[in-house]
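Protein chains: 2
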Amino acid sequence: MLSKNQLKNITSLHTKKNRDEEQLFLIEGEKMMEELFRSDFRTEMVFAQEDWIEKNEAQLGRKKIPCQPVTEAELKKISLLSAPNKVLAIAGQRRGEVDLAKVGSELYLYLDAIRDPGNMGTIIRLAHWFGVSQVICSPDCVELYNPKVVQSTMGSIFSIRVCEAVLSDLISDKTGFPVFGALLDGENIYGKDNFTSGILVIGNESNGISEKNLPLISDRVKIPPAAENHAESLNAAMATAVFLSEYLRRKK
Amino acid sequence: MLSKNQLKNITSLHTKKNRDEEQLFLIEGEKMMEELFRSDFRTEMVFAQEDWIEKNEAQLGRKKIPCQPVTEAELKKISLLSAPNKVLAIAGQRRGEVDLAKVGSELYLYLDAIRDPGNMGTIIRLAHWFGVSQVICSPDCVELYNPKVVQSTMGSIFSIRVCEAVLSDLISDKTGFPVFGALLDGENIYGKDNFTSGILVIGNESNGISEKNLPLISDRVKIPPAAENHAESLNAAMATAVFLSEYLRRKK
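Those sequence lines, one after another, are chains A and B.
Residues in the first sequence are numbered from 1 upward in steps of one, following the working numbering.
Residues in the second sequence are numbered from 1 upward in steps of one, following the working numbering.
Keep in mind the hints are simulated off the structure, nothing from the lab.
Check each hint, because a few of them may be wrong.
For chains that are exact copies, the list does not tell them apart, and a pair is met inside one copy or across any two.
[Stated by the list, open to error] Distance condition first, Cα-Cα at most 30 Å in a straight line; then the derived DSS-like pairs of lysine-lysine:
#1 Lys4 - Lys252
#2 Lys102 - Lys222
#3 Lys31 - Lys212
#4 Lys251 - Lys17
#5 Lys77 - Lys55
#6 Lys86 - Lys63
#7 Lys252 - Lys212
#8 Lys148 - Lys252
#9 Lys251 - Lys192
#10 Lys55 - Lys31
#11 Lys17 - Lys76
#12 Lys31 - Lys222
#13 Lys77 - Lys148
The following block holds chain A by itself, in its conformation from the complex (with noise of 0.2 Å):
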């Protein structure tokens, strides 16, 4: 059984300022627990039902994972899902630090202020998906450990670097890496053969990339409409499949 002070701990996570402090944050679900048992994230402490323990042991006594039952009642009390499944843990955030030395062969996702935990999360497993190792985003984003995020990322959060830095920090005049941005005015994506390496900036979904950011853009780009007419823009997170899926191509 749950004590008072247990649940007191764990519901202090679902809010951000407890989860700065601690360090810490949720996972939930079997989906979300294969993935962080096959990545190396610290686990401070799992929540399970009976029948998930049963068949998790190995892992968790391979793992040292200090593990609790817990009844369906109990998880819906901890759980911040709708319809919460058989596990919650508690594990360690991380810091990385940004680190360029791949910028000349690589591409980086740079997210200038993605507000939607939907859309973060989801740039985040399309970043894993098309092998880009590092996003890095702005202070003005939405917080990476916010639960929706790391749902929404399907256990990516755990295979790809994640930092935080402001975008003029990263850039001088002698970096002579490309940094893209979408921009209506930009050159077709189709057709832009440096493409390959460097930082791609992807912008806010209401005001596009920042003021600030904007003389930062060496390279303007778009994905063209089929038809010029076109009164509608592309949501950030599809506009990054369009974009992480050309940079993909060229290396394929």
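Since the structure of chain A is provided, determine the placement of chain B on it from the hints.
Frame of chain A; chain B shown alone:
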């Protein structure tokens, strides 16, 4: 003021059963109304706040659309949005017939049991962006006029033809056009030169392409992940974004 009867009529369209019977559906918000005005969809009636009506009087007059002022509180009662936005309209559904006249020079989408309204709407929006003129839905797709589908098309529902059909009814031994399907053992899409016309089948979110449609696939394709040991798949909408981008790239 809204009469009891009006309130009842509008909210009855919150359910599929009544939408089907009346062949009507709901549209909400300023942005969607602009798109509706641009289209030739029949608009039965508009319910809007005074300030919206003032701005749009000319449009309403030109199109002879009856309009009734409502208060913010009344709009809340008839709206399905968590944050109602000025206006709600009732419009007439359309049941287009599949037209394969251009299947030799264009790509059509076939949605095989897409169940999530957000995915369905996003896919219709992507089809519009990338110049797909026709989307064909299997009979077990989520209802096209589900308000969540309608809203997440961002207006593209008014611009492209969406119809319903059983895939095997569209294909005979003599048709001769390729039917593409995303399958794990498929050919790399980036090198698939004939991906310029035919039908692309998008499978269900959990189960992929259905058993009955698998034998109809003539060209198995896949989006290769960056790393071969990749456990995850792309979701239906993201995969559609990548496939349609590849299609457009060949045209540009």
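Going through the hints against the structure:
1. Taking the closest pair of Cα atoms, lysine 4 and lysine 252 never come within 30 Å of each other, the shortest separation being 54 Å inside a single copy and 63 Å across copies.
2. With identical chains, the CA atoms of lysine 102 and lysine 222 are at most 30 Å apart both within one copy (24 Å) and between copies (28 Å).
3. In the homo-oligomer, the alpha carbons of lysine 31 and lysine 212 lie at most 30 Å apart only across protomers (28 Å), although the nearest pairing inside one protomer, at 39 Å, exceeds that limit.
4. Taking the closest pair of Cα atoms, lysine 251 and lysine 17 never come within 30 Å of each other, the shortest separation being 41 Å inside a single copy and 50 Å across copies.
5. For a Cα distance limit of 30 Å, the shortest separation of lysine 77 from lysine 55 inside one copy, 23 Å, qualifies, whereas the shortest one across copies, 48 Å, does not.
6. Taking the shortest Cα distances, lysine 86 and lysine 63 sit within 30 Å of each other inside one copy (19 Å), while across copies they are farther apart (55 Å).
7. When the C-alpha separation of lysine 252 and lysine 212 is checked against a cutoff of 30 Å, the pair qualifies neither within a copy, at 35 Å, nor between copies, at 33 Å.
8. When the C-alpha separation of lysine 148 and lysine 252 is checked against a cutoff of 30 Å, the pair qualifies neither within a copy, at 33 Å, nor between copies, at 37 Å.
9. Within a single copy, lysine 251 and lysine 192 get their C-alpha atoms as close as 14 Å, and across copies as close as 16 Å, so both meet the 30 Å cut-off.
10. For a Cα distance limit of 30 Å, the shortest separation of lysine 55 from lysine 31 inside one copy, 13 Å, qualifies, whereas the shortest one across copies, 50 Å, does not.
11. For the homomeric pair lysine 17 and lysine 76, the shortest alpha-carbon distance inside one copy (22 Å) is at most 30 Å, but the shortest distance between copies (33 Å) is not.
12. For the homomeric pair lysine 31 and lysine 222, the shortest alpha-carbon distance between copies (23 Å) is at most 30 Å, but the shortest distance inside one copy (35 Å) is not.
13. Taking CA atoms no more than 30 Å apart as the test, lysine 77 paired with lysine 148 passes in both settings, with 17 Å inside one copy and 29 Å between copies.
Of the hints listed earlier, those the structure fails to meet are numbers 1, 4, 7 and 8, in rising order.
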